[in-house]
Structure formats: C-alpha cells, structure tokens
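Input sequences plus hints: build the corresponding full structure.
Chains A and B supply the protein sequences, listed in that same order. At position 724 of the first sequence (counting the first as 1) the number is 723 in numbering that gives the first Met the number 0, and the numbers step up by one without a gap. At position 1 of the second sequence (counting the first as 1) the number is 0 in numbering that gives the first Met the number 0, and the numbers step up by one without a gap.
No wet-lab data here; the hints were simulated from the structure. Keep in mind that the hints are not guaranteed to be accurate.
Here are the simulated DSSO-like pairs of lysine-lysine, each with C-alpha atoms no more than 30 Å apart in a straight line [unchecked claim]:
1) B:LYS36 with A:LYS80
2) A:LYS7 with B:LYS58
3) A:LYS80 with B:LYS1
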Amino acid sequence: MFIRKISKPPFLAKIILRLSARTDDELSLIGDFEEEYNRRSDEDGAFYAWIWYWLNTLLSVPKFLRYSLYRSTAMLRNYIKIALRNISRHKGFSLINIFGLSVGMACCMVIFLYVVSELNYDKHHDGYERIFRIGEHRIVPVGEFRSPLVSLAVAPAMQRDFPQIEYIASIVHLSNGLVAKDELQLYEDRIFYAGQSLFNIFKVDFLYGDPENTLERPLTAVITRQMAEKYFGEVNALGKIIQIKDPRFLRRGQSEPEPVDYEITGIIEDLPSNTHFKFDIIASDAVYRGTKYTEEWDNHSAYTYVKLRQGVDPSEFEEQIRMLAYKYYGDALNRFGQKRYYFIQAVTDIHFHSNLQGASLQTLQGELEPPGNLMYIYVYSAVGFLILLIGCMNFMNLSNARSIYRAKEVGLRKVVGAKRSQLIRQFLGESLIITLLSLAAGIFLVQALLPLFNQMAGTNLQFEGLLQPSVLFAVAGLVVFVGIFAGGYPAFVLTAFKPNIMLKGSVGAGNRGSMILKILVLGQFVISIFFTITTVTVYQQLNFMKGQKLGFEKNCKLVIPFRGNRNIRKNIENLKNEFFEYSGVTDVTVSSTVPGRFVMTNWVRFPRETAFENRTVNFLACDDNFFEVFRIETIAGRPFQQGRNDKNDSFVINESAAKILGFTSPHEAVGKRITEAFSQHEKTIVGVTRDFHFRGMQNVVEPLVMEYSGLSFLYNNLSLTLIPDKLNDTVNIVKTKWEEIYPGIPYEGFFLDEDFDMQYRTEGQVAEILGLISILGLIIACLGLFGVTSFIVRQKYREIGIRKVLGATVIHIMKLISAEFIILVIIAIIISVPAAYYVMNKWLQEFAYRISPGITTFGIAGFVALSLSAFTVNIKVLRAAQFDPVESIRHE
Amino acid sequence: MKLLTKTEEILLLAIWKLNDEAYGVKVREKVMDMTGKLFTYGNLYCTLDQLTGKGFVMKYKGEPTPERGGRAKTFYKLSEKGLTALQEAFEINQSVWDGVSLYSFTRN
Chain A
0 MFIRKISKPP FLAKIILRLS ARTDDELSLI GDFEEEYNRR SDEDGAFYAW IWYWLNTLLS
60 VPKFLRYSLY RSTAMLRNYI KIALRNISRH KGFSLINIFG LSVGMACCMV IFLYVVSELN
120 YDKHHDGYER IFRIGEHRIV PVGEFRSPLV SLAVAPAMQR DFPQIEYIAS IVHLSNGLVA
180 KDELQLYEDR IFYAGQSLFN IFKVDFLYGD PENTLERPLT AVITRQMAEK YFGEVNALGK
240 IIQIKDPRFL RRGQSEPEPV DYEITGIIED LPSNTHFKFD IIASDAVYRG TKYTEEWDNH
300 SAYTYVKLRQ GVDPSEFEEQ IRMLAYKYYG DALNRFGQKR YYFIQAVTDI HFHSNLQGAS
360 LQTLQGELEP PGNLMYIYVY SAVGFLILLI GCMNFMNLSN ARSIYRAKEV GLRKVVGAKR
420 SQLIRQFLGE SLIITLLSLA AGIFLVQALL PLFNQMAGTN LQFEGLLQPS VLFAVAGLVV
480 FVGIFAGGYP AFVLTAFKPN IMLKGSVGAG NRGSMILKIL VLGQFVISIF FTITTVTVYQ
540 QLNFMKGQKL GFEKNCKLVI PFRGNRNIRK NIENLKNEFF EYSGVTDVTV SSTVPGRFVM
600 TNWVRFPRET AFENRTVNFL ACDDNFFEVF RIETIAGRPF QQGRNDKNDS FVINESAAKI
660 LGFTSPHEAV GKRITEAFSQ HEKTIVGVTR DFHFRGMQNV VEPLVMEYSG LSFLYNNLSL
720 TLIPDKLNDT VNIVKTKWEE IYPGIPYEGF FLDEDFDMQY RTEGQVAEIL GLISILGLII
780 ACLGLFGVTS FIVRQKYREI GIRKVLGATV IHIMKLISAE FIILVIIAII ISVPAAYYVM
840 NKWLQEFAYR ISPGITTFGI AGFVALSLSA FTVNIKVLRA AQFDPVESIR HE
Chain B
0 MKLLTKTEEI LLLAIWKLND EAYGVKVREK VMDMTGKLFT YGNLYCTLDQ LTGKGFVMKY
60 KGEPTPERGG RAKTFYKLSE KGLTALQEAF EINQSVWDGV SLYSFTRN
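Pasting the structure below:
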C-alpha cells in the first residue's frame with residue numbers, strides 16, 4: 000500500500016486521457032488505467048508501469064479523437080434535423096423570420112457591393128499606389144486656381160528630367176468630336192488622344208489587337224467593346240476604319256474640320272464603373288507628338304499621369320517637380336506676373352478627395368467626372384446596417400415570444416439530462432440554420448434587386464461581385480453576426496432557467512420577457528419611423544425645389560446645342576430665321592448656355608474709391624431676345640435691344656452681381672462701366688434683372704454678368720419657344736429641318752424643363768432608395784408585430800374567452816390588446832422624431848433653399864406607422880376576439 | 000439488421016463470456032486471451048460506447064475501489080438485442096464458413 004501511494008500515475012498523461020476521451024464513461028476508463036497501472040507497478044516496478052501508462056494513453060488518443068469528431072457530426076446532424084422540424088412546425092413564424100432576415104441581408108449585401116465598389120475606385124490598376132496625377136496651381140493677376148489640366152510640354156520635360164518616373168502619359172480630351180462611320184454620325188463625349196504609355200499606367204483588358212503596340216503609329220485608335228458594337232455591329236473591328244472630326248484641327252480658311260481616318264488597332268473590354276477615367280475611344284497622339292504643341296507651356300489641355308518607380312517617395316518627388324515650370328518657362332511667367340506650381344494627387348484619391356477647377360473659361364470642368372460624395376457611403380452603410388437590425392430584432396422577438404412554448408421543451412430536455420452547453424449549441428445552431436436559409440433567399444433577392452438598385456443609384460454593380468474575397472468575407476461575418484445576435488437570446492437566457500420553473504410554463508410570460516419584447520418592438524419602430532421621416536423629408540425637399548419659382552420660364556422651351564460648330568456660328572442670324580418661320584415656334588434666341596447647364600466663370604474689374612477691384616462672376620453671352628424668350632424680368636434699366644449699340648458696349652447683370660459690385664440699389668448700377676478681365680473690354684451696364692435660378696435650388700443665385708457679344712464663338716445653344724398644344728409636331732418639324740440644313744451635325748435637341756430637373760437627380764436617387772428601404776423596414780417591422788401579437792393572443796386565449804363570457808365586446812378586446820402596442824408605436828414616434836429632425840436638418844444644410852421639416856413631415860410618417868401597426872395588430876386580435884368563448888376557455 | 004463488425008462481435012463475446020465480471024480491464028484481457036491481440040483503450044471504449052448506443056449492451060456502475068484511485072468500474076452486460084445479434088452472428092459465421100476447413104487455404 001505504501002509503495003503504491005508514492006508511485007502515483009503520471010499526471011499529465013491522465014489529463015491527456017481525460018481531455019481526449021469524451022465518452023460517458025471517462026471516469027471508469029481512468030479507473031481502468033489506474034487499476035492496471037497499480038497492478039503493474041506492484042509486479043514490475045513503478046518505472047515500467049509509468050511507461051505502460053504513457054504508451055497506452057498515447058495509443059488510445061487517436062481513436063478517441065476520431066470518435067469524438069464522429070460523435071459531434073452526429074450531433075450536428077441531430078441539431079439540423081431538430082431545427083428543420085422546428086422551422087416546419089411553425090411555418091408562419093419561420094417565414095416571417097426568414098423574410099425579414101433575407102430582406103435585411105439582401106439590402107446589406109447590395110450595399111456591401113456598392114461600398115466596396117466605391118472604395119475600390121481606381122484600385123484595379125497594377126501598382127495603383129504608385130500612380131499619380133500631375134496638377135497645376137496657377138496664380139494669375141486676377142485670381143488663382145488649382146487645375147488637373149497642365150501643359151502638353153510637361154510630360155516630355157518630366158520624362159527627361161526625372162528618372163524616378165517609370166511611365167508618364169498625357170491625355171487630351173477631344174471636345175465636341177464627331178465620329179462618323181458611313182451614314183452614322185454622332186458626337187462622342189469620351190474621346191481622348193493618348194500614347195501607348197497610357198496602357199502601361201492604366202490597366203485595360205484587350206479583346207483584340209496587340210496590347211504592346213496599338214497607338215505607336217499615327218492615325219490609329221483603340222475603342223471599347225461598346226463602341227465597336229455601336230459603329231461596326233460586332234466586337235472584332237480590328238483593322239477597320241473610323242472617322243473622327245476634331246474641330247481643333249482646322250486648316251486655315253476651312254469652316255468644317257476634315258474627317259480623319261483612324262485605323263482601329265485594339266478593342267478593349269468596357270471599363271469598370273469605378274474608375275475616374277472613363278473613355279470610349281483613344282486616338283493616337285502621334286498627330287501632335289513632336290510638334291510645337293508639345294513644347295508650348297502656355298496651353299492647359301492635358302491630364303498627365305505618372306507611374307513612379309518602386310521605392311520612390313511621392314512627397315519627395317512632388318517637392319522636386321514643384322518648380323518645373325520655372326526651368327523652362329520662368330521668364331514668361333515673370334513677364335506675365337503669373338506663378339505656376341505643380342503638385343501630385345494619388346489616383347485613388349481623385350474620386351472622393353479632388354474637386355479641381357477647369358483650366359480656363361472654355362473648359363467645362365476640371366475633373367473628368369463629377370467627384371463622389373463620401374457622405375453617401377456612410378449614409379448607405381448605416382441604412383444597410385439598420386435594416387438588417389430590424390430583421391434581427393424580428394428574429395429575437397419571435398424567438399422570445401416563442402420561448403414561452405420552448406421553455407417547456409428546454410425544461411424537459413434539461414430534466415432528461417441535456418447539458419446547458421448542448422442546449423446553447425442547439426439554439427445557436429438553429430438560428431445559424433435560419434440565417435443560412437435567409438442568406439440563400441437573400442442572394443436570390445440580391446439578384447432581383449440589383450438591376451433596380453443600379454437603375455436607382457446610377458451604378459453598374461455586378462452580381463458576380465459577391466464572389467470578391469472582401470465581399471465573401473463580409474457576408475460570412477454577416478451570417479455569424481446575425482446568427483449569434485439573433486439566436487443569442489434564447490440560447491443564453493432561456494437555457495439558464497431552472498427546469499422546474501420552466502416546466503410550470505411561467506418563464507417568458509414574466510415581466511423580463513415581455514419587457515425585452517416591448518423594447519425590441521420599440522426599436523424596430525424607432526428605426527422604421529426614422530426611415531419614413533427621412534424619406535418624407537427628402538421627397539418634400541425635392542418637390543419644394545421642383546415647384547419653386549425660378550424667375551424664368553422653362554416650359555415649352557426646345558434647346559438645340561450646336562457645340563460650337565463654326566458653320567452655324569458664322570451665320571447665327573440665318574439660323575434664327577430658319578426656325579422662326581414655323582407656326583409652332585413663337586420665339587427664338589441664341590446663347591452661350593441655358594439655365595441648368597454649365598455656366599462659365601470670369602472676373603470683372605470695376606473702379607472703387609481709390610483702386611480697381613476684381614470679382615468672380617458667372618458669365619453668359621446671349622442675344623437681345625434672350626430675356627424675352629426666358630421671360631426674365633428687368634428691375635432696372637432695360638434688357639439688350641436691337642438697334643442700339645448693345646452688341647459692343649453693354650452688359651446686363653443680375654441683382655446679386657449688382658450687390659457684390661458694391662451698388663446699393665439696382666438703379667445705381669445702371670450706366671456704370673465695368674471691365675471683363677480676360678478680353679479687357681470695358682462696357683456699360685444697361686440693365687439689372689431680377690435674380691433667376693440659372694442653377695438648381697441647391698445653390699444660392701450667384702452673381703451673373705450677361706453680354707450681347709459680337710464674338711460668335713461664344714454661342715452654343717439655340718432655344719425655341721414652342722406653342723404648347725402642338726409640341727410634338729413642332730419638334731418633329733424642327734428635327735427634320737435641322738437634318739436637312741445641317742446634314743453633318745447631329746440633332747441633339749432637348750426640353751429645358753426636363754433638362755433642368757436633371758440637376759435634382761442625386762436627390763431623386765436618394766429619395767427613391769430611402770423610400771424603398773423605409774417600405775421594406777415597415778413591412779418587416781409589421782410582420783414582426785404580427786408574429787408577436789399572435790403569440791400574445793394565444794397566451795391570452797382564455798382571458799379573452801372569459802372576458803367575452805362576462806360581456807366584453809369585440810371592440811373592448813381589441814382595445815385591450817392593441818393598446819399597449821399602439822402606445823409603443825407612439826413612444827417610437829416620440830423617440831425617432833428628434834433623431835430624424837437632427838439628421839435631416841444636417842442634410843438640408845447642403846441646400847441653399849430648403850424646407851424645414853415640420854408638423855406635416857412628422858404627421859405623415861407618424862400616421863403611416865400608426866395606421867399600419869394598428870391594422871397589423873388588429874387583424875390578429877379581431878380573429879381571436881370572434882372565437883367562440885366556449886372553445887377558448889376549454890382550450891388548454 | 001446490419002451485420003456486426005468483427006470488433007463488435009469479439010467484444011460482445013468477451014462480455015458474454017465474462018458474465019458478471021465484464022468491465023474495462025477484464026474485457027481487454029479477455030480479448031487478449033481470445034485473439035492474442037491487444038486492443039488500445041481507445042478502441043475498446045469507443046466500440047463499447049457504440050455498442051451501448053446501438054442497444055446491444057447495457058452498463059451499470061460498480062463500487063469504487065482504492066486500487067482504482069477511487070473510481071467506480073463500469074460493468075457491461077448483454078441486452079436481449081445483443082444476445083440476438085450474437086445468435087445471428089453465429090449463424091452467419093457458420094454458414095459463411097460452411098464447407099471450409101483449415102486445409103482449404105493451403106497451397107500444396
């Protein structure tokens with residue numbers, strides 16, 4: 000006995016044995032080991048016994064491990080079976096659960112796709128972190144601006160001077176370029192000149208053609224798949240000829256650019272939507288490579304991109320190129336009193352963090368595409384998360400409500416010996432299965448919703464995007480989060496109760512359970528009412544902006560842009576007369592632009608007490624009929640008039656311009672002389688107009704100076720006033736006539752009112768998306784409410800019966816049950832109103848002219864939520880209240 | 000009914016032969032005696048667990064003893080089902096080996 004005492008079996012081996020042997024008889028097993036160990040220790044000595052113990056432990060472990068693995072999968076199969084049984088037993092609730100979750104997850108996934116695509120802007124290029132755009136900071140006597148457009152001489156000079164550059168490419172936009180192929184002749188807005196090095200910096204997928212050698216020869220072009228299909232009817236257009244007319248390459252004495260034949264040497268796949276540089280046609284820059292254009296430092300026409308060599312510090316590089324202009328062009332800059340510095344922008348920053356200006360009055364805008372708004376990324380992410388939250392809350396709520404019944408199940412399971420950990424696993428397993436089912440349904444929903452979302456948000460998201468690693472990862476995370484979050488309540492709370500209490504059936508019906516129930520219903524309604532309020536606000540703001548008086552007439556105006564075509568410009572009076580003679584056309588005018596479209600900026604100089612001052616203003620050229628056609632009211636002086644010397648010597652300005660030029664009243668401005676900075680023309684102000692909204696209601700009316708210019712190159716648009724009753728006929732006549740007179744110029748007429756409202760497209764998109772989301776949110780919340788009510792009703796079955804016996808009416812019973820839910824919804828309204836008010840006020844700050852969300856906004860949202868929830872609750876209650884009390888009292 | 004595996008068959012027989020003495024150590028020894036092969040404890044307990052699960056054997060706890068470190072023995076006993084299974088196995092074995100003698104396999 001004594002010896003046995005000191006030779007204890009190896010402790011570590013015992014632990015290993017216990018951990019690996021997860022059978023019910025593990026203690027007997029250890030006992031067996033110990034028994035044999037002790038016998039051997041007595042017979043052969045402690046050392047031998049020790050070896051025996053270890054050896055047998057190690058030999059046994061693999062089998063034990065395999066066995067426990069086998070058993071746990073058997074458990075899993077059991078869980079799945081039970082879960083599926085539970086799902087099919089409570090079909091209605093499972094359906095509500097799965098519907099809510101799948102809608103939430105589908106919204107989340109669509110938003111994932113959107114956010115991932117936005118955040119990966121321009122990240123598909125190889126080595127994107129080494130790609131930069133060169134920008135130019137110019138300071139001229141009248142002001143300064145930062146522009147992405149630099150001189151064509153920059154690229155060759157940089158390539159010469161900086162060995163850090165691996166590739167450099169200049170691209171030049173071809174504005175108002177006409178593309179012709181046989182009979183087909185169209186303006187294309189996304190034509191650029193560039194060289195081969197472009198494809199070393201930006202990644203494109205070549206479908207046909209030699210990627211290494213496409214733009215080397217002059218008069219070659221690379222086009223996208225879409226263009227090939229448009230002009231050639233097939234993708235493989237290799238070696239075919241397309242004609243491009245560039246108004247800039249005009250020979251002396253010509254009024255119409257000659258069509259130039261380009262041979263197609265490459266066809267590429269259409270570009271992804273998340274790149275800031277979208278093009279349709281790249282024409283070889285060999286036309287001007289090596290010519291005087293590439294040595295001129297005073298043009299600002301090229302977007303220039305560099306790819307730095309590996310290991311080059313960008314900020315050091317930026318420091319080195321800063322003063323480059325002074326090396327080649329310093330004398331001239333000093334002579335003109337200008338300063339010019341270069342800077343760089345990471346290509347991936349351009350979408351969200353860059354909003355540079357154009358280089359001159361003639362360029363429409365600096366950026367290749369309007370910059371993205373990071374705020375909407377946050378907004379959409381929050382929206383996706385919140386709608387998922389509503390779905391989760393549904394799940395938790397229904398599990399909670401059902402826990403009254405499941406408490407008995409859990410109690411029974413515990414009585415027959417289920418461990419708590421097993422029950423937790425079972426509940427979590429069940430909720431994971433429901434989550435996975437919802438995910439499957441959600442994926443189908445995504446497929447259905449994606450085209451709708453693409454249309455609403457103007458995106459081009461692909462369903463295949465779900466297979467990206469980052470999205471897959473996020474979706475996996477989503478499933479785990481939802482499964483644990485939604486299944487957590489029954490798993491952790493329900494399994495903690497004592498079985499004897501549970502079997503009595505009093506759990507869940509108690510205060511704690513119903514408290515959680517109420518909080519969850521409250522939460523759902525807070526979120527969905529919040530969405531409803533925001534939607535109503537956005538729609539109200541949109542309607543407000545669309546319905547606001549603009550100060551000019553936009554209805555029945557047909558505008559035909561002629562894109563600076565010289566043939567037309569040369570005979571502007573002719574042009575007007577051509578269309579004036581129709582009975583459907585009552586008035587006609589030409590102008591540089593029309594309200595709602597881009598307006599140039601310029602500076603004017605005007606004398607103040609001691610010195611001249613400069614002010615930035617918007618600038619518009621128009622003829623004498625402009626004010627008549629657009630019904631713009633003059634409040635002082637007169638509009639331009641025929642027969643006066645207006646064409647050379649007058650300005651008409653708006654009220655805001657009069658204000659910033661320092662006149663105390665519009666009348667004071669009339670007769671004063673101001674100078675337009677670029678042409679240095681000094682002219683007299685002959686009239687002041689009332690402010691009219693030449694831009695959307697997001698902005699205040701800015702100062703505007705209008706001139707009746709004799710310079711024909713400023714004019715770009717012909718506007719016609721049509722008689723309302725035969726609008727379509729007249730449009731057709733005008734179109735036919737146009738094509739007859741100007742066979743080479745595509746007709747691009749549009750109605751001003753429609754075009755003007757395009758400025759509210761973003762707000763319209765937000766309104767539509769929010770509208771959809773809030774409808775979905777309300778539906779899910781109401782479904783959840785429906786489920787919860789039916790549980791409550793079932794619980795109060797006997798109570799209802801007894802009350803009916805005692806003489807309660809159906810109305811009484813409806814009041815009894817629905818009252819507490821209606822109170823909840825009212826509380827939800829009270830909570831969400833200030834939150835929504837705060838958020839919407841922030842959003843509205845972006846608008847110069849805005850509504851203030853008031854009683855109507857909250858009234859509409861509150862009414863919708865209240866009536867929907869009252870309706871939902873009462874369908875169920877009504878049915879319960881009509882039951883025969885005999886049945887319900889007997890019901891057990 | 001599914002056929003017993005050889006291991007199951009041997010274990011069931013060992014338990015039956017041991018009668019009231021069938022617990023871990025003894026079963027293992029019996030198997031050793033019968034087959035000359037030593038089962039690892041892992042193999043033994045996992046198979047016993049499966050046999051219990053299938054309802055071929057029942058188990059009951061014995062008294063804890065000091066030489067077992069105070070741990071009780073788990074005794075195994077054939078159930079009605081287990082006995083039927085053995086009966087069946089016997090019949091199958093007989094018919095499978097019918098007409099076969101030890102010398103049938105020698106290659107002379």
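Hints, verified against the model:
no., hint, result
1, B:LYS36 with A:LYS80, "violated, 40 Å"
2, A:LYS7 with B:LYS58, "holds, 29 Å"
3, A:LYS80 with B:LYS1, "holds, 23 Å"
Of the numbered hints given earlier, the model fails hint 1 alone.
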